[in-house]
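So the sequence lines, in the order shown, correspond to chains A and B. Each residue of the first sequence is one higher than the one before, starting from 1 at the first, in the UniProt record's numbering. Each residue of the second sequence is one higher than the one before, starting from 1 at the first, in the UniProt record's numbering.
Hints were generated in silico from the structure; no laboratory data involved. Be aware that a few hints might be false.
Derived, one-sided and incomplete: chain A residues facing chain B with beta-carbon distance under 7 Å [said to hold, decoys possible]: (1) 128; (2) 141; (3) 361; (4) 424; (5) 544.
Using N, Cα and C, we set each Cβ at its ideal position, and we do this for glycine too.
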Amino acid sequence: MTSATDPDAYTGATPDNAIRDADRAEKGPVLAADGTPLKASLARSLRVQKLRALGLIAPLLIFILVTFIAPIADMLFRSVENQIVSETLPRTVQELERWDGESVPDEETFRALAADLMIATELKNHTRLGSRLNYETTGISSLFRQTGRDMDEVGEVYLDQFVELDEAWEEPETWMTLMASDDWLTARDQWATDKEEAEAAQDAATTAEEAIALEFTTPEPDFQLNQISQEALPRTASIYRQFAQVIQSEDEDSPAEEEPWAIVYQALYEDLTAGRGEGYDGEIAGLLTEAREAVGSFEEVPVREFFLEEVDEDWADPEVWGTIEAFSSPYTAGYFLASADFQLTPQGIERQPEDQQIYGLLFQRTMFMSLTIMFSCIVLGYPIAFLLSNLPVRTSNLLLILVLLPFWTSLLVRTSAWKVLLQQQGVINDILVWIGLVADNNRLELINNQTGTIIAMTHILLPFMILPLYSVMKTIPPYYVRAAKSLGATPFTAFRRVYFPQSVPGIGAGCILVFILAIGYYITPELVGGTTGTFISNRIAYHISSSLNWGLAAALGSILLALVLVLYYLYDRIVGIDNVSLG
Amino acid sequence: MKLKTILLSTGIAATAGAVFAAGHETMADEMTVVSWGGAYQNSQQKAYTEPYVEMNPDVSVTWDESSAEAVAKLRAMNEAGNITWDLVDVVASDAIRLCDEGLAMEVDHDELLAEAPDGTPASEDFGDLIVSDCFIPQIVYSTTVGYRNDAEGWTGEPDTICALWDQENFPGQRSLERRPIGNLEWALLCDGVAKEDIYDVLETEEGQDRAFAKLDELKDNTIWWTAGADTPQLLADGEVVMGSTYNGRLFSLIAEQDQPVSMLWDAQVFDLDGWIIPAGLSDEKLARVKDFLNFATDTQRLADQSKYISYGPARQSSAPLVSTHAELGIEMAPHMPTDPANSENTFLYNYEWWADYRDDLDAKFQAWLSQ
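Starting from the given sequences, assemble the full structure and let the hints guide the process.
See the structure below:
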């Protein structure tokens, strides 16, 4: 069937025809007035148009990308992200590569742990890491919290002994000479001079405004290590640098004025007993040599012993170490495994203990209940939409308002109304008892279970089924059914063979709407679902707002999203997505 | 002449100094306070912010009823780098969580808070209730059991928490909170475990199984609630004959709405509610919040709050000052969870223990409920 508006039937000079003509031309390309091939010139002008069109939709596109796609992508990324372990415990993670997985790790690992935890404690990161690992192994949260309290004691014994050896070790000045790079020292001197001048200028200011304007706000330049000590005393240098960073950023103080933490002396002891430090030939080489000779006779307190005996005996538990090791990589499948009732253990992937398997059940239940709600919406919505589309406009508009009315009522009000209706001492049970259908001592349980969720959600989602059905049915000409009847079909056959097939796009649209809304529903199941009528989304909400396990919530959400996409694909294959009319 | 110059310059320096001092103590005029809404927030408005604004007329206080989601929202704000709240009311376990996550500020209680009238420093006046370095306690509440007086077929009156399990003498539906905290402790207590051993028992696999086995006996006759208003509603409708909720809710059901319900003061789970200051506030905002907190948590103010709601003040020195209900005129002391007659047999909820076991036991509890 062709018509005047069909592009192929139109023979005038349209851009489409021009391109086609250019293609057909056998004797070289058709040229435009300026000598370029017509095809290229046309494509160029069309491109300009397309760019302009893109420019017009750009604000909306950017808006959607920034406010909708990006947050979703960020949330999904959380389901695999796990950098907290390797960032908070970098030394420990490295040492654990040598660990056999069964025994209590050796002294070196505990030394690494002490250094990592000291810095984490100063940055208040250790408790955060504790709560992260507590999702995997119960008890780590308090273990880390408690260990953090004892961390400033590690190395104290060496601090005392170094200071006893030479009081210079107590002076920040000594450490500056030993650790800081010359560039930094120069920069800092310059900064200090600037500061003094600024303060002098401020004191001389005559008005308050002027004084405030002159306030010196430049921070001290970031601390830098010198090359020699970095090579000669790697451990001490590494921990001293972090000490300086923390002092500068957290305490807004200067490392040039602060005595180092005890753990720095611990590191120095480690470096010197390991025979390092000989390469140092800087200003205080004498002091260092003296110390190197003395450390052999220092009283020794192994860090491992300190952790196991003073801090907490749980550090002897291989499960704690196994958990740290299992979650040490920056990305983890742990959250997805947990969403499927598995767990990542040091021994590999294992099934969750039976009394903790919950997500598989919840996913199944969410699917089953969403489908039930969808089918009950079809059963209830179809006759209503049919009635609406076949009544005179005046009556049907009135009825349509009745359908839409609950739509304009608060969701919470509707859900609470169902509570009043369905509870055991509620209206429906009272009526049934009064009629005599139900015995007074055996009232129906209609709420705080699956039945309650299905009833309330079917009611809430019904308009989403009725509206697309109505809009499709409205367009079905009544004379098709009349024609079928006049050709001898019974009313049922006419409905089944003529009317129903034409209403299928409405059913399709309604099903997609209801199902997708139902699968992510949260507030109604929470209020009327009791224990057997809750959805996976209730668990996601719990992990987002109560347990703060956002990784697991993100993994559950990703799975839910994937499920919806798979169902959508299947629907497209079976019913065909073109066969859907949203009105 | 010389003297004059000196005087003049000293004068300028002094003025500049004064301006500086004032500059450092500049306080923001606006303050966003987060609380729970409802009667509780109302009591805070009446006892704390209204008198405070009267003293500082240029301060405006905005309320946000988001305490239930405070932990998640503060974390999101922190990640976005934009803290819009100045003071947040949370329960103690959330305060510990926020402190662990570095989202709440650690405070020095003695420096920040007012002394008791007799000079006792704040940290002693609050005592053990300071369960975290970030937490400033405000009230003590308890989760306890209420029961209907007109239930059919009952013999006697419930006088212990174990009446929950006693279907023979007290038949009917129960309502309990849909979380493991509190319920597991009660289950063990009624299974014969001594109060002081409960957490040791609950730490073991067998102990947990034992608690769930005891809860199994209740499962068929129990509605599990999530909002504090559920149990009062269920009791008023006659849906349940016995149920747990916060004591303040039961008080308002009994005293304000005059329902035929009584309260059981046995093994009620003590819990705390109080303030935290979000980490990362600007100096101006912080100065205002500190000034407000010093006022709002002093002995008299905490006692004043109990005029509007039946939660006990967290300061020991406030207890003697508790007076009568602002509207009903009844004496409030006998309705406080801290009243000696009510706290004969209380249950102290172990925050640190639950911080460890919460994730694990919650998964078990939900799995148990779903079966």
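**Numbers of the earlier hints that this structure fails to satisfy, in rising order** = none
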